[in-house]
Amino acid sequence: MLFKILDKGPFRSLVEIILESNEIIAPKKIGTKATGEPIHQFLPINSFEEMDLDYRTTEYSAKTYFLPYRENLCTFDFDAEDWEQEISYRIQPRAIVGLRAHDINALVKLDKVLTRDRFPSPYYISRRKNTFVVGFEHIPLEDEFSQSMATDIVTHGFDLFLTDLGDRYFVAVDSDRAFNLLNRVEVREVTDDDTNDYKEVRRRVLEGFKTHINVANLPNLLDLEFTSEVWKKWGEKCLSCGSCAMVCPTCYCYGVQEEVAMDFTKATKVRQLYSCNLLDFAEVAGGHNFRPDKETRLKYRYYHQHRGFMEGFGEPLCVGCNRCGRVCLAGINPAAVINDLYEENL
Amino acid sequence: MCALRHAYDVRQESEMVQRLDFNNKLGLKPVAEVFKAEITNVIRLTQMEKLFHLRIIDDKDRERFSFLPGQFVMIEVPGYGEAPISISSSTSNKGFIELCIRKAGTVTNALHRARRGAKVGIRGPFGTYFPMQRMKGHSILLIAGGLGLAPLRAAIYYATENRSEFKDVHILYGAKNPGQLLFDYQYEAWRRIDDVNMEIIVDEADDSWTGPVGVITQLLEGVEIDPNETYAIVCGPPVMFKFVCRRLSKAGVPMDRMFVSLERRMHCGMGKCCRCNVGSTFTCTDGPVFDYWSVINLKEAI
Chain A
1 MLFKILDKGP FRSLVEIILE SNEIIAPKKI GTKATGEPIH QFLPINSFEE
51 MDLDYRTTEY SAKTYFLPYR ENLCTFDFDA EDWEQEISYR IQPRAIVGLR
101 AHDINALVKL DKVLTRDRFP SPYYISRRKN TFVVGFEHIP LEDEFSQSMA
151 TDIVTHGFDL FLTDLGDRYF VAVDSDRAFN LLNRVEVREV TDDDTNDYKE
201 VRRRVLEGFK THINVANLPN LLDLEFTSEV WKKWGEKCLS CGSCAMVCPT
251 CYCYGVQEEV AMDFTKATKV RQLYSCNLLD FAEVAGGHNF RPDKETRLKY
301 RYYHQHRGFM EGFGEPLCVG CNRCGRVCLA GINPAAVIND LYEENL
Chain B
1 MCALRHAYDV RQESEMVQRL DFNNKLGLKP VAEVFKAEIT NVIRLTQMEK
51 LFHLRIIDDK DRERFSFLPG QFVMIEVPGY GEAPISISSS TSNKGFIELC
101 IRKAGTVTNA LHRARRGAKV GIRGPFGTYF PMQRMKGHSI LLIAGGLGLA
151 PLRAAIYYAT ENRSEFKDVH ILYGAKNPGQ LLFDYQYEAW RRIDDVNMEI
201 IVDEADDSWT GPVGVITQLL EGVEIDPNET YAIVCGPPVM FKFVCRRLSK
251 AGVPMDRMFV SLERRMHCGM GKCCRCNVGS TFTCTDGPVF DYWSVINLKE
301 AI
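Protein chains in written order, with my numbering: chain A, 1 to 346; chain B, 1 to 302.
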């Protein structure tokens with residue numbers, strides 16, 4: 001990895017250079033909660049000031065810019081007895097600034113499914129390769145457990161990754177386009193002082209993790225606890241609303257439906273992200289539902305994340321951001337559920 | 001000049017400009033693209049099922065389209081959507097494919113209203129297949145319950161067209177009542193093939209029915225099974241293949257020599273949408289054909 005030092009003034013110039021000709025998505029304050037905490041969301045910004053890099057978290061991940069909640073896969077144009085299919089991909093370059101390490105690792109996991117596994121998705125590849133990713137180190141929130149999921153450190157999957165050293169940024173450079181862009185502003189080489197300051201920040205980051213889950217032997221434990229009362233306990237709380245999957249940076253399950261234009265001249269095939277907690281997720285033709293119970297659906301969400309993905313890709317799908325835990329109206333969070341499973345086995 | 005770099009256009013990738021081939025799972029391709037196909041024939045089978053003959057319109061695509069028994073396609077009715085359907089025809093027929101479709105949801109109802117000449121889309125073939133090559137030199141039991149005859153028919157064609165490659169060939173079929181028997185016009189043709197044993201049983205007989213009445217496992221009583229020499233393909237609802245496979249297991253047939261085909265409501269066919277996902281297994285890419293050992297280890301499959 002190539003490291004550089006970027007002062008805060010040149011960082012602003014860098015953002016403005018990108019903004020001249022490209023869209024930038026960044027954390028933006030969109031409101032305030034009843035508790036007084038600000039609400040942030042990844043949204044397009046028009047100026048450097050609109051971006052709030054001191055954000056705590058975003059309710060929604062930035063997934064939608066790579067795997068949109070709704071995406072048109074193709075259209076069918078009707079003509080008398082015949083039709084023509086048209087397919088287009090989003091190819092405009094843009095930048096995302098302010099992603100956390102776990103959010104970048106979420107993209108790296110999605111890359112495995114959508115760019116390298118069987119039937120790679122040109123829709124995702126097109127968006128991913130056209131997005132310039134600028135990540136930021138952060139002191140974890142109390143409920144984040146990305147250290148347990150080994151997603152608190154980024155090694156690839158981004159263009160620039162910045163660590164705030166107070167008056168300057170310690171920058172990891174991971175692509176030639178990032179290198180070229182950096183050369184358009186003032187950068188310095190890394191000194192021993194910079195490295196020491198960086199290590200100090202990393203130490204504070206590691207100390208910041210207050211929530212831990214035990215993932216050793218978890219896939220095996222999930223098999224053993226398939227009929228555990230733990231699923232009933234948490235399943236009874238679940239409202240089957242699907243919010244967890246919507247805010248999750250890695251949930252990629254979807255459904256496909258077609259929408260016909262009002263004048264019947266064309267139909268659009270739309271992919272819409274779905275949630276395995278929704279009632280009809282596993283319903284088949286004729287009405288049989290393989291997962292009619294909410295506890296079964298909740299269980300399978302954990303199975304896919306911590307058992308199935310592990311078997312397929314050698315790592316869990318969850319990155320430990322706990323967005324699902326924060327958004328859950330029923331108070332279900334992965335750390336509590338998984339720790340419960342372990343206690344069953346004491 | 002764009003600060004980031006020029007837009008990356010995925011359509012320019014060399015793999016994307018090649019002819020569409022779903023048999024190449026690892027290659028980058030326009031995954032939503034369909035082969036346009038014409039419905040050349042519609043055959044009424046029962047009140048609920050029709051057989052559709054489809055011909056891919058483009059000559060080159062039609063020549064390149066190949067599948068194996070047990071694989072499925074996603075059939076697209078523009079404006080209505082897509083549904084996963086097993087291919088029911090012979091793999092040696094390069095001209096067209098046949099899909100046996102029950103009226104069950106939006107897409108299949110639209111198809112049942114479609115007439116000869118209508119144009120639909122096909123993506124595929126997808127999924128695993130019955131390993132007919134591995135069965136060579138052995139006796140084979142081809143067992144179907146209800147709509148299970150649809151995927152099994154491709155295997156029956158393989159067995160009857162290559163009769164000399166197998167020892168005994170038994171076709172056992174069970175349906176709820178005589179009115180629900182599929183492909184009834186073909187039984188006589190299959191029976192007449194030298195040394196093919198075909199037996200049919202129904203749950204509820206009507207006045208015209210002269211054959212046996214009961215469940216499909218009863219037909220197995222009359223079949224002599226050499227467990228070391230036998231492969232079985234069992235297609236039907238989970239409750240049916242569970243009893244049949246248990247019965248065969250008891251007779252000593254190894255579980256990895258029995259094959260079943262699972263059904264799920266897939267939205268992509270490519271291991272992406274997760275709608276057919278069971279743990280780490282995707283019915284669309286790891287299946288729909290599984291050996292029985294894999295199926296009993298798949299929670300929720302039966």
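Some hints here could point you the wrong way.
Below, a list of computed lysine to any residue pairs in the SDA-like style, where the Cα atoms sit at most 20 angstroms apart [what the hints assert, rightly or not]:
(1) A/K266 / A/L279
(2) A/K232 / B/K299
(3) B/K299 / A/P292
Chain B regions said to be covered by chain A (calculated; three or more residues, Cβ under 8 angstroms) [as the list claims (entries may be wrong)]:
(4) 81 to 87
(5) 96 to 110
Here chain B is said to cover these stretches of chain A; the calculated rule only asks that three of the stretch's residues, wherever they fall, bring their Cβ under 8 angstroms from a Cβ of chain B [said to hold, decoys possible]:
(6) 88 to 95
(7) 103 to 111
(8) 185 to 199
(9) 247 to 257
(10) 282 to 289
Keep in mind the hints are simulated off the structure, nothing from the lab.
Every value quoted in this text rests on a predicted model; they were computed, and no experiment measured them.
Glycine included, every Cβ here is placed at the ideal spot set by N, Cα and C.
Hints, verified against the model:
no.: 1; hint: A/K266 / A/L279; in the structure: violated (30 angstroms)
no.: 2; hint: A/K232 / B/K299; in the structure: holds (17 angstroms)
no.: 3; hint: B/K299 / A/P292; in the structure: holds (15 angstroms)
no.: 4; hint: 81 to 87; in the structure: holds (count 3)
no.: 5; hint: 96 to 110; in the structure: holds (count 4)
no.: 6; hint: 88 to 95; in the structure: holds (count 6)
no.: 7; hint: 103 to 111; in the structure: violated (count 0)
no.: 8; hint: 185 to 199; in the structure: violated (count 0)
no.: 9; hint: 247 to 257; in the structure: holds (count 6)
no.: 10; hint: 282 to 289; in the structure: holds (count 5)
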